[in-house]
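> Throw the hints in and build the complete structure from the sequences for me.
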Amino acid sequence: MTAFNATRRRFLVGAGAVGAGALLSGCVTQSPSASGGKSGGPVTLQSNLSSPQAKTAMQAVVAAYAERGGDGARLNTVAAETFRTQLPTYLTSANPPDVYTWYPGSVAESYAKKDLLLDLDDIWEQPELAGYSDALKKLCTSASSGKKVFVPTSYYWWGMFYRKSNFAKWGVQEPRTWDEFLDLCDKLKSKGVAPIGLGAGGDTPWVASAWFDYLDIRVNGATYHRELLAGKHRFDDPEVRKVFDRWDEARPYFDPNGTAIPFQDATTALLQGRTGMMLIGTFFADAAPKDALDDLDFFQFPIIDPKVPVAEEAPTDGYFASARTKRADGVKELLRYLAGAESQELYLKNSSGTALPTHPDAKDAGTPLVLKGRKLIESAEDVTQFFNRDSSDALQPTADTALVHYLAKPKEIGSILTTWQRGAQKIWSQ
Amino acid sequence: MALIGSARRSRATRVPPVVLAFVLVPLLAEAFWVFWPAMQGFYLSLTSWDGLAAPTFVGLGNFSEMLHDAVFRTAAINTVLWLLLFGGLSAVLGLGAALLLQQERRGIGFYRAALFLPVVFSLVATALVWQAMYQPEGLINNVLSAVGLDGWRHAWLADQDTAFYAVIVPALWRQVGYVMVLYLAGLKGIDPVLYEAAKVDGASRLQQFRHITLPQLRSVNAVVLSVIVIDSLRSFDVVWALTRGGPYHSSELLSTYMYSTAFQSLRLGYGSALAVVIFVLAFGVIASYLVRAFREAD
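Note that the protein sequences, when read in sequence, are chains X and U.
Quick note: to get the numbering used here, add 76 to the position in the first sequence (first position is 1).
Quick note: to get the numbering used here, add 808 to the position in the second sequence (first position is 1).
You may find that some hints are simply not true.
Calculated from the model, a selection of chain X residues having no Cβ within reach of chain U, i.e. all distances over 12 Å [to be verified]:
| # | residue |
| --- | --- |
| 1 | Asp191 |
| 2 | Ser241 |
| 3 | Asn242 |
| 4 | Lys408 |
| 5 | Leu422 |
| 6 | Ala438 |
| 7 | Thr443 |
| 8 | Leu452 |
| 9 | Gly490 |
Have a look at the derived ranges for each label pair, beta carbon to beta carbon [to be verified]:
| # | chain 1 | residue 1 | chain 2 | residue 2 | range |
| --- | --- | --- | --- | --- | --- |
| 10 | X | Arg317 | U | Leu875 | 25 to 35 Å |
| 11 | X | Ser169 | U | Leu936 | 27 to 37 Å |
| 12 | U | Val928 | X | Ser209 | 53 to 63 Å |
Please keep in mind that the hints were generated in silico from the structure rather than gathered at the bench.
Backbone N, C-alpha and C fix where the C-beta goes; we use that ideal spot for every residue, glycine too.
Next up, the structure:
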């Protein structure tokens, strides 16, 4: 009996100790001063590049970085949507991941304004970044602090993609102007093909924003577009209404399944010839079969008003780092490596290769498609990023709702724009 | 003698430290991981917060905003509809399936297992399977074409008229098996003598169901109702995986609206206020039911 009591007491004491230990360890992870204290060890690189080819390419880059010696980096790939929603939490936590794949411009600025991003001024003086264009330097500089907070590593372009073999089969050519574009749509429709694929269903409703962006920069110009997304104009202004007047002309040619399937499925429909063309960024190629890549081509989003300076969407990708990192030296070393030509070429070689490197000496894939893309961006008078990158991630859902609503009920555009403005106002007033 | 008696009494009323520890340690853990975050959530509902800067106190501003928020209205109505449709249908269909499958016949185990199988899958996996079936070129549309109902083909999840109901189906598909098992257990507990006596008295099957089965299942009903209410109000995964509350908020529930407001639009103060509303609703429905149930039991 005594023995039993002793055993039971010992058991309870043990269980209590385990419980208290668990509780304390819980406290430790909550505590702002703990566990991030280590300044050594590999730099954690939080990546949202989760499509198979992009992920492989990231792994190759990180492996090559480790081979150079030092502490190396630890890649942590998170699904894009989770990454996006968790990013504010990462950056405000006491023990954040060190480096993040993300976007420059207004997106980075929203975090820089709150002092959450590491000052990268000194690495921009290093040889790896010294030759970067002035436009890129400006894009990566925080407007509030005047400090560089971002390291760009690649950019890509948006265009009307199609299969060369299909256009040849249908006997049609690339259009230049809006009228030629509508004629092309007519021809494709007469051949029983849905002329324009979209892919704004499932978890990619944001694809519809590309249409809004392009129509706005073609009708009202890039400056107006950026001001609109910054809250300096209203979504129910007559200028925005003009965008939808143009969209109305193209809407009958959209794939009826456009808002029912995600862009990955819409891409499949394009590759299989069920749709004629699609306004999309080159990232879609990361999930496309390699053999289809040679057959892909694109044309510039048609010019609507020749008086409006030509702008193109060319979102830039790269990295920023947490201001609270305990490994600032390691972070800067990794970022210098990522900014260099060697790592950018390595990334392109292992991915679909349709992006363009930011380093002036880095070679792109050199395919006719990539050369055409580079020319498109280099000849543009202005370059925009994308809806959420020129505005904010928080504003994107308001656009998703408004544009999907418009595509289903175009006649309700008046009330849709009023609701959009009301939703956007709530975000801007925060 | 008197002294000894009082000493004995105090020893008897003193709570042993072990028992105290068994109560206090879980309470402490619960307080730390559940009550404290819940209190913080309530505080956040009184603020405006983007998740980055410090929250600013706005009092009941978020709650008064809800009164004029059309999306909140849609989400609240949908949540009530969900509770009635999902809850009602899963109870009715679960009971129906249990009545159908209660008889011990050859192969009955297979049917029971088949109906229960969806419960085993996670709701997100279930949703992904149904998403594939609902696709414009998916199984459902192809079957409709095959049987000559081309006119019925539909973008089920992309149409505001059908999205909400299309989302309920996978949720029901999963829940019916669960409810069936609860009712099967209840049916097994009914004394067969009652039915034999009823038969001797000449009661029809319907009368047996009305006067024996239903009253005998009262205790199971309480469990089923609690499960259904809780599952309805916490329904999120299936809607989020299938439609994310869209198209344009037509299948929005309070839970999905809370998530998108907080984590997509980064309005964490307003999101917290929505969470408080959900909590009050869930607590209100369940507490009022439990009070009634206890009163009836007395």
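> Determine for every hint whether it applies to the structure shown.
Comparing the hints with the structure gives:
no., hint, in the structure
1, Asp191, "violated (10 Å)"
2, Ser241, "holds (22 Å)"
3, Asn242, "holds (19 Å)"
4, Lys408, "holds (24 Å)"
5, Leu422, "holds (34 Å)"
6, Ala438, "holds (34 Å)"
7, Thr443, "holds (31 Å)"
8, Leu452, "holds (32 Å)"
9, Gly490, "holds (15 Å)"
10, X:Arg317 - U:Leu875: 25 to 35 Å, "holds (30 Å)"
11, X:Ser169 - U:Leu936: 27 to 37 Å, "holds (30 Å)"
12, U:Val928 - X:Ser209: 53 to 63 Å, "holds (56 Å)"
In this structure, only the earlier hint numbered 1 is contradicted, and the remaining ones agree with it.
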